[in-house]
Structures are given as C-alpha cells and as structure tokens.
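K.L.:
Sequence:
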Amino acid sequence: MSTATTLRKGPDINGFFGHFGGRFVAETLMPLVLELQEEYARARNSKEFVDEMDALRRDFVGRKSPLYLAERLTEQLGGAKVYLKREDLLHTGAHKINNCLGQILLAKRMGKTRIIAETGAGMHGVATATVAARFGMECVVYMGSVDIHRQQPNVQRMRLLGAKVIPVTSGAGTLKDAMNDALRDWVTNVADTFYIIGTVAGPHPYPAMVRDFQSIIGEETREQIIEREGRLPDTLVACVGGGSNALGLFHPFLDDKSVAMVGVEAAGEGLDKRHAASLKGGTPGILHGNRTFLLQSADGQIQDAHSISAGLDYPGIGPEHAWLNEIGRVSYAAITDDEALEAFHTLCRIEGIIPALETAHAIAYVMKVAPTLPEDHLIVINLSGRGDKDMSTVLAAMDASAENAEKNAGKAVKGEA
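All residue numbers in the sequence shown are consecutive under the UniProt record's numbering, ending with 417.
Derived from the structure by calculation, the hints contain no laboratory data. A portion of the hints provided could be inaccurate.
[What the hints assert, rightly or not] Okay, derived cross-link-like pairs now, DSSO-like style, lysine-lysine, Cα gap no bigger than 30 Å in a straight line:
1. Lys257 with Lys9
2. Lys9 with Lys64
3. Lys280 with Lys368
4. Lys257 with Lys273
5. Lys164 with Lys108
6. Lys112 with Lys47
7. Lys108 with Lys47
8. Lys9 with Lys47
9. Lys164 with Lys112
10. Lys273 with Lys407
Take these sequences, add in the hints, and give me the full structure.
P.N.:
Listed below in structure tokens is the structure:
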C-alpha cells in the first residue's frame, strides 16, 4: 500500500498506487523485471543517461513541442481559452516516441539486442521501430489483425523502418490480444529481448517508468503556459486508453490543487453498448501484470473493448489512473465514436490540424464544456498524435453516414408518397 506524502511519489516499493498496480508476472519473467527496475533506478541518477536523453529529445525527436493557442476554436466555442500541446509535431507524429526513446536507452544499457512491442493504432509500433533502427536492434511488433486492417499506413511505416509486424488473430484481433502475444514472446526469449511496453500499464516498474518518460509533456506545458499567460492552467484534458499521454501531461501538476484534470475515455457506441471505458464501465481485476479497472464479466472473463480509435481499444487502464480516479484527484469523462468524429472534423476545418482519433475524444469533451466556462479560464488539451493514420477509418465512417442519409431520404420520400 502506498505511503506517499505527495501525489507524485508513487508507486510504493512493490509497485502499488493505493490498491492498484503491482507485479503479477510469470516466474520466468520475475528476474528480468527486477533487473529492469534496478537498471532504471541507476539510469535516473546517471548524468550520462540524462544527457543522452536530453540530446536525443532535442535533435532526434524535435522537442520542445509547441504550446499552441487555438484561436479559431476558442472563438467558435465562445468560452474558455483553449491551448493545444502539439505532441503531433514530434518525430513519428505522436507522444509515443518520448517513452520509446527512454526504453531503448535502457535496453542498450542492459545489453539487449532484440526489441519487441505491441501496438494498437500503430503509433507505438512506429516509434518502437524508429528507435530500434536508430540503435541497430532487431525489432518485432505484435499487432491485432483488425488493427492491421484499419491502420495500414502505420503498418507500412514499421516495415519500411525494418520491423517485422506479426499479425495476431486470437481473441478480437486488437490491442489486448497483441499484448498477450508479446508477453508470450518475452517469456520465451528473456535472455536477449527487451519488451518496450507502450503505455502506463504492465508489471512494476513499467507504469511508473513510462509515466516518467512521458512527463516531459507536462513539464514543458508548465513552463510554456506560465511564459504565455503568467500562471498555471485551470484545466488539463487528455484522452485515455491505457493512459500514457494523459499521465505525461497530468503528473507534473498533480500537487497543484488549482489545476483540474480530466481524462477522456472512449464510450464507443455508448456506455450501455460496446465501449472501451474501463473506469466508467469496468471493475477491478488483474490483466497484463497489474491490478486495475478492467472490462470484465461477473466471473472475471475479460470482455472485448470497442472504439473507433484503435489506440483506445483496450479493456483496461493504467493503475495510476485507477488510483487517481479512486481518490478523486482526476475526473474521467466518456465520449462516443460519433462525438469524436465530429470533433475530428471540427479541428480539421477550423484550425487546419488533423488530429488522431484518440485525441479527438479530448477535443470533443472540451467542445462540450468550454462554452460553459468564463473567457479567462485556461484549458490545455494534449494533442497526442496526428491523424494521417486514421484517414481510412474516417472516410469509411463518412461513406457509411452518407449511405444512411440516402436511405433515410428514400424512406421519407416513400412515406410522403
């Protein structure tokens, strides 16, 4: 159990945030997980490691990412002033590169030569393939067959970067199943393989380690908003699947009581239908090495998640989010597929920015609440990735919408006749 005196000190020595987290892994993996924990602790205090990270963030990744005032969106919504933290402008097009860079440096320090990863929307896979190519390591990425179909541009990018993409056909063929197969690979090849987990989930120390690598987002945001506005933001908003981009933005502000934070889950077709909102519609359980909120049946069987966004299509959430929800420090909302699509089109047409469908969930939430807030209220949205990868999904949704409109128009004409 955590004995933290500030909200930023967790997890405890056993990897728990309150009741959530921990280290539930096969006996084969335990020595490797403990070795990783020790190596990460050494690296954090190593000037050589910190200096190398800083140089690569600047020259390879392209940090700092801008904090952009969305003037036209703010004007249209008619309320709070809306800023976008532009993680979509980083090398590879999403925040995922922050974490992959940190983990590949750890893999190098530990003498590993083979990298494995799982991916949903493909952005984590692309970032992993990118850093593996940069450091000359073999790279294998597990990806659900459904996600391979809807994220072809990222599949081709991974292959161009030299990665082997292995389709996963078990289960629903999405992110959960890809993570299952990656864990099986890791158990089999522990000697030379490093598993780069893409979100703040998995066995300790992964949730805290990924959070720390992503916290550069919030650290920069704090510095930039004070420079622009002379004070801290009032509200931070980010989409949540596993939750890495959200914790990256939130964590440096957790002890600032004046700053409200909202994580936005995927409500899919609605919370009473198919969705991926683990906090809004789940219960505590254990999956992929940690205890957290999961979509599961009464007898503990994991249920398939659904979201139009492949990156949010996961039946669990990082354990630190489960804890922050339990203690009430972060609020969580849910946005449907249709609401996310509307926000996607709005940002494209008003700001000239094509957001990832994941991020569109956060934008949709802000479109609801910003008009109800005063003009001096400052909202920062983490624009976690760009939407090139989602073109086929969005175009298919537009075609389906047009087809339904034609059918409804036909029914109306027949009704009139």
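K.L.:
Look at each hint and say if it fits the structure.
P.N.:
Hint check:
no.: 1; hint: Lys257 with Lys9; in the structure: 16 Å, holds
no.: 2; hint: Lys9 with Lys64; in the structure: 25 Å, holds
no.: 3; hint: Lys280 with Lys368; in the structure: 18 Å, holds
no.: 4; hint: Lys257 with Lys273; in the structure: 35 Å, violated
no.: 5; hint: Lys164 with Lys108; in the structure: 20 Å, holds
no.: 6; hint: Lys112 with Lys47; in the structure: 21 Å, holds
no.: 7; hint: Lys108 with Lys47; in the structure: 16 Å, holds
no.: 8; hint: Lys9 with Lys47; in the structure: 21 Å, holds
no.: 9; hint: Lys164 with Lys112; in the structure: 17 Å, holds
no.: 10; hint: Lys273 with Lys407; in the structure: 24 Å, holds
The earlier numbered hint that this structure contradicts is number 4, and it is the only one.
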